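Now for the letters of each chain:
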Amino acid sequence: MYFVFIPAVYRTLRSVYLFFVVLLPVLCCLPGADAFADDRSDYLAALVQSAREKRLDGERTWKILLHYEKAGSGVESLVDDTKFFLAPDGKKNPRTELEATIAGFFQQETGDVEHPQCRFIARYAWLKEQLSIDEARLLRVECAKWKEALASMKPKSAVLVFPAAHGNGPSSMFGHTLLRIDSDKRNELLSHAVSYAAYTEQSGGLAYAFRGIFGYFKGYFSILPYYEKVTEYNNIDHRDIWEYDLNFSEHEVLRMVMHMWELKDIYSDYYFFDENCSYDLLYLLEAARPSLELTDEFRNGLKSWVIPTDTVRVIKESGIVTKINYRPSQATRILFLASQTESAYQDVAADVVKQKTSPQAVLKANIAPEKKKQILDLAAELIQYRFSRKELGKEDYQKQFLAALNARSTLGVSTADAVPVPTTPPEQGHLPGKFSVGAGYRTDSYFMEIIWRPAYHDLMDPDDGYVEGAQINFFDLRGRYYFKEEQARLHSLRLIDIFSLATRDKFFRPVSWKVNTGLEQEVLSDGEEHLIGRLNVGGGVAYSSRFLGASYLMLDADLIAGGALADNFSFGVGPSAGILKNVNDFWKISLSARSLFYSLGENRRSIKATLGQNFKITTNNSITLSLSREKTSGHYQSDVLLGWNFYY
Amino acid sequence: MRKAFAGAVMAVLVVVMVSPVFAAGSAHQNTGCGLGTMLWKGNADNSSLFQAFQATTNGSFGSQTFGLTTGTSECSQPSAFVKNDRLNEFVVANMDNLAKDIAMGGGETLAAFSELLQIPTEKRSEFYQKLQANFAKIFTSENVVLANVVDNVAAVSAN
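First to last, the sequence lines map onto chains W and C.
Just so you know, we're using our numbering here: the first sequence kicks off at 1 and counts up by one.
Just so you know, we're using our numbering here: the second sequence kicks off at 1 and counts up by one.
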């Protein structure tokens, strides 16, 4: 029997390897040299032969199930856990891995490790179909753990879940996507959430950032009850959640869950920027329906990072989204409840929260029952909100929350309306990349300007689909050509530019803040522009009013460094203030001014005012007009720029 | 190439961010069986630049990567609806929102709770009213725990 088999196996060097490393041990371990074992080894050889003839290792489904991506002239799996591969070179060799997988199905069961038929249940299901595997000729394996998990999940349908950014953390725009697997339970909270995340023992610090960027964290898939995710995003992080129902059939969802099972306890190196949560989730969708080409969109694209909204867009464009649902965060709900409550009663709710009055006193007050209901609904939400923000200790929270609810329970069913759904879901906002071409005049010369910003959102960009007042720009590069001097030069390169304009009101008292750093042209004491390095930070308060829009006041600290400065650096502080107003759906105005006093390093003084306007043409096109005037160390400069922005 | 690019951008960024105000991560804090049992992992509200990274990784703490359930092993178990693990887990994880929904006479958390109790849809509004009317008998004190709440609901709904 071996002699029949051997010529086929020896055909290539790879096969020799396969034979000794994978097949031989399997064949040897089969029980006895009885007729069944002979039959099984014959059958294994036949299946391997058939897989070769059908070239299954080149099939798209195999590529998806193993997470193979092009790497040089060959391929390489993005999965880094050796447990995921049955062939020693399986990470880079789809064929040996496929054949080792088939061989694995013939293995004897051992007590401590799940049998490959169960462990790699999606591969097994696919190969069984492709090779018409006759299960009667394999060892019978029970897969009790898988069956138990399946019975617990009862997968029926799938939903893509995207938590939007939260109000005072622009960086959360880089957010997260996860999947919800629905069962026969009608309540969505009782579904399961599938999420890919980095396993970290720390959550901050230099080493944390470094490790995240260069792939030193391990990413794992996790499954948790959906209510835990809803609590995490809606009640703790205060992020609105968007849900996209997918048109997968029950069978496709089962295939996806099978692949999830294969990825259980399997890690891939996690990279913040590309091999991240949103990217790895795409494999699950492809596993459900291999004809979907989702990961390809990113691998073949020009972008060097994967942003969750981009994955939502790609998924939506693939045509599998049937319906979009919105789940407001607790903070959003509070703002809505407050907007429905008269100002005087908002004050009563605030007094309950501050314990200036008690919920019982509200019950006894001479107020219409409907209004009491509104007051106590609002108060209960606010007490819970304060606890979630750790502004309230657990014991105080328990007392206050329960007192408010006790009073509230005497007032009957809530009549509050549902929070209205924002008109633009996140994936319908402008694309995060920006390319601009503009022309302008500075002091004594006309110039052309080109801007490239790979990500993500500027305060002046149209807000639809984004959180208002949240700016995060990465790698904002500006070059100018001055006609008078016939010279092209780098105008600025802002590596990062975050601005969180979070307005305060009766209930929320956030701190607005900003940080930006990079290289910039700056007018120095000689009246000329010089390229300097800059780190600028600020913190302060912002309020919103109908007439002015959002207005803010901050204290800035500014550090600049460069050879043209006396002492090579200069550090200053001073106030900055501004307003930002959406005049209407397509017109936005900002007016800002700052005055800085530099007293460490080179002594200097700088004052600058800027008027910016943005006109939205379409979702991905807008026009910018900005005017600025500054006085630095006695030298005046004016700058006018008109530009066309294209978002990509 | 892609990683090198992102890395180059971030390397500079990282240098800039050497600052003592890093958010300290906290694992499952404040666990318990009563009100205020919130899961605080991944809290992004500490205004720190490292939100950028927290938000992207959604770092999951602990070793539980494939937990279909979260467990109530540290809680004393209710005597009513014995062996209903999913119910108990749900109540422990959602007690605050459940209390709020009961006090307000409806809501998604209360609906999920009713589904786990297998209350038929047509009997839900009556059930909600009963619970709301008896709020103080269910949430008897701020120290109420899982076992009390479930047993009290059983007692109230039997009446």
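Because the hints were derived from the structure by calculation, they are not lab data.
Just so it is clear, the structure is predicted and the values come from calculations on it, not from any experiment.
There's no promise every hint is true.
With a Cα cut of at most 30 Å, we get these calculated DSS-like pairs of lysine-lysine [stated by the list, open to error]:
1. 185/W x 123/C
2. 83/C x 185/W
3. 147/W x 70/W
4. 128/W x 54/W
5. 83/C x 145/W
6. 154/W x 123/C
7. 130/C x 399/W
8. 130/C x 371/W
9. 364/W x 137/C
10. 83/C x 356/W
11. 354/W x 137/C
12. 364/W x 83/C
13. 130/C x 185/W
14. 156/W x 145/W
15. 371/W x 83/C
16. 394/W x 123/C
17. 137/C x 371/W
18. 185/W x 70/W
19. 137/C x 83/W
20. 154/W x 137/C
21. 356/W x 123/C
Just a sample of chain W residues kept apart from chain C, beta carbon distances all over 10 Å, derived [stated by the list, open to error]:
22. 52
23. 245
24. 297
25. 342
26. 424
27. 638
Glycine included, each C-beta is placed from N, C-alpha and C at the ideal position.
Open item on the list: Would the hint linking residue 364/W and residue 137/C be met if the CA-CA limit is 30 Å?
Closed with: holds (21 Å)
- [ ] Could you grab the alpha-carbon distance between residue 156/W and residue 145/W and see if it respects the 30 Å cut-off?
- [x] Holds, at about 19 Å.
TODO: Decide if the proposed pair is consistent with the structure: residue 130/C and residue 371/W, CA atoms, cutoff 30 Å inclusive.
DONE: holds (23 Å)
Open item on the list: Holds or violated: residue 130/C and residue 399/W, Cα atoms, limit 30 Å.
Closed with: holds (23 Å)
TODO: Quickly compare the C-alpha distance for residue 356/W and residue 123/C to 30 Å and report which way the hint goes.
DONE: Not satisfied, since the Cα-Cα distance of roughly 40 Å exceeds 30 Å.
Open item on the list: With the threshold set at 30 Å, check whether the alpha-carbon distance from residue 185/W to residue 123/C stays at or below it.
Closed with: Holds, at about 17 Å.
Open item on the list: Need the status of pair residue 394/W, residue 123/C: alpha-carbon distance at most 30 Å?
Closed with: Status violated; Cα separation ~35 Å.
Open item on the list: Given the hinted pair residue 83/C and residue 145/W, is their Cα-Cα distance within 30 Å?
Closed with: This hinted pair holds, its Cα atoms lying about 20 Å apart.
- [ ] Take the C-alpha atoms of residue 364/W and residue 83/C, compute the straight-line distance between them, and say whether it is at most 30 Å.
- [x] Since the Cα atoms of residue 364/W and residue 83/C sit roughly 43 Å apart, the hinted pair is violated (cutoff 30 Å).
Task: Non-interface claim for residue 638/W versus chain C (Cβ beyond 10 Å) - done: holds (30 Å)
TODO: Please settle this one: residue 245/W was flagged as non-interface, so is its CB more than 10 Å from every CB on chain C?
DONE: At about 17 Å from chain C, residue 245/W clears the 10 Å cut-off, so the statement holds.
TODO: Please work out if residue 154/W and residue 123/C have their alpha carbons no farther apart than 30 Å.
DONE: holds (25 Å)
Hint violations for this structure: numbers 3, 10, 12, 15, 16, 18, 19, 20 and 21, all remaining hints satisfied.
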